[in-house]
Amino acid sequence: MTDSAPRIVVAGSANMDLVGLAPRLPSPGETVLGDDFVMTPGGKGANQAIAAARAGGTCTLLGAIGSDAFGVTIKARLNASGVDTTHVRTSYGVSGVAVIMVDHAGENSIIVSPGANSSFAGLSAAETAVIADSDVLLCQQEIPLDTVVAAAQAARAGDTRVILNAAPARELPPELLDSVDLLVVNEGEAIAITGSAGPDMPALLALVPRVVLTLGGAGSWYADRDGHDERIPACRVDVADTTAAGDAFTGALAVAWGEGRDLVQAVRWANAAGAACVRKVGASNALPGRAEIDALYALNY
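Going by my numbering, the residue at position 221 of the sequence shown is 221; the numbering climbs one at a time, nothing skipped.
Calculated from the structure, these hints are not laboratory results. Hints may be right or wrong, so weigh each one.
Quick list of simulated restraints, FRET-style, between CB atoms [said to hold, decoys possible]:
hint	residue 1	residue 2	range
1	P23	D178	44 to 54 Å
2	G260	A157	14 to 24 Å
3	Y92	L299	42 to 52 Å
4	A206	E230	18 to 28 Å
5	E230	A291	18 to 28 Å
6	D178	G198	22 to 32 Å
7	G227	D36	43 to 53 Å
8	A298	A105	22 to 32 Å
9	D146	P233	15 to 25 Å
10	R236	G289	12 to 22 Å
11	R231	A206	12 to 22 Å
12	D178	G34	17 to 27 Å
Here a beta-carbon is modelled for each residue, glycine too, at the ideal position from N, C-alpha and C.
Could you build all of it, start to finish, from the sequences and the hints given here?
So, in structure tokens, the structure goes:
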């Protein structure tokens, strides 16, 4: 592994998460009496940037927040978590907002209103330089697709490795796939991307050279075009809230790969990060630190 902290740049969304907890999730048209409420900064981009910073990476976020009070709070959480926000844009208007319902089993339903995230377009020379100077670029799909493509292409030109967490699932154009080194998807996203009846690893590997399929409580599945194909069991923990588990996983995975770990080992360590996250309620506040990840990793692998 490298002696210095890996340089991770995240191009993605930043939201304020409004989280309501209740005994069960409501059916359409139904009102359920809740028992708690949490308001915390989130968004897949911000969450994964904080996850990477807490896992030991040197992390920069590229994205956009609003000029509202939510934007101030989001930026403060990023800064407090050790994320470089120098290049985070402020757009006049509202920040992105996610309305999240969580039941007592930890399952959730989420509505995301993009807000300022929709304005994150047209990478500047400074933003492109940050990408080219990093070890790993991490992207998701809560920002304009053209921006994801531009960031991935800038990474490819600068020999920066690209991880795409294709969430939420949507179009993956050839010019994006050509720049992706590692695709991270859950089962639903994998089905949406390939059109198969179930998760189809060969179909995914026809698109990109390496794939991690996250399987929730069943762990993860890593495969690549070099013939590696391994199911990796999950860590066993008591689940409080699964909201940011995927972001904890992906941020830690970027750090582990940036440190030079082989990808099977990196996925195991990322599994431990995801498991550590689900023990707490919330999004960015639940993302684990390196010591917590290491402890679960040592206990389970």
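Status of each hint after checking the structure:
no.: 1; hint: P23 x D178: 44 to 54 Å; result: 47 Å, holds
no.: 2; hint: G260 x A157: 14 to 24 Å; result: 22 Å, holds
no.: 3; hint: Y92 x L299: 42 to 52 Å; result: 48 Å, holds
no.: 4; hint: A206 x E230: 18 to 28 Å; result: 19 Å, holds
no.: 5; hint: E230 x A291: 18 to 28 Å; result: 26 Å, holds
no.: 6; hint: D178 x G198: 22 to 32 Å; result: 26 Å, holds
no.: 7; hint: G227 x D36: 43 to 53 Å; result: 48 Å, holds
no.: 8; hint: A298 x A105: 22 to 32 Å; result: 28 Å, holds
no.: 9; hint: D146 x P233: 15 to 25 Å; result: 38 Å, violated
no.: 10; hint: R236 x G289: 12 to 22 Å; result: 20 Å, holds
no.: 11; hint: R231 x A206: 12 to 22 Å; result: 20 Å, holds
no.: 12; hint: D178 x G34: 17 to 27 Å; result: 46 Å, violated
Violated hints, listed in ascending order, are 9 and 12; each of the other numbered hints is respected by the structure.
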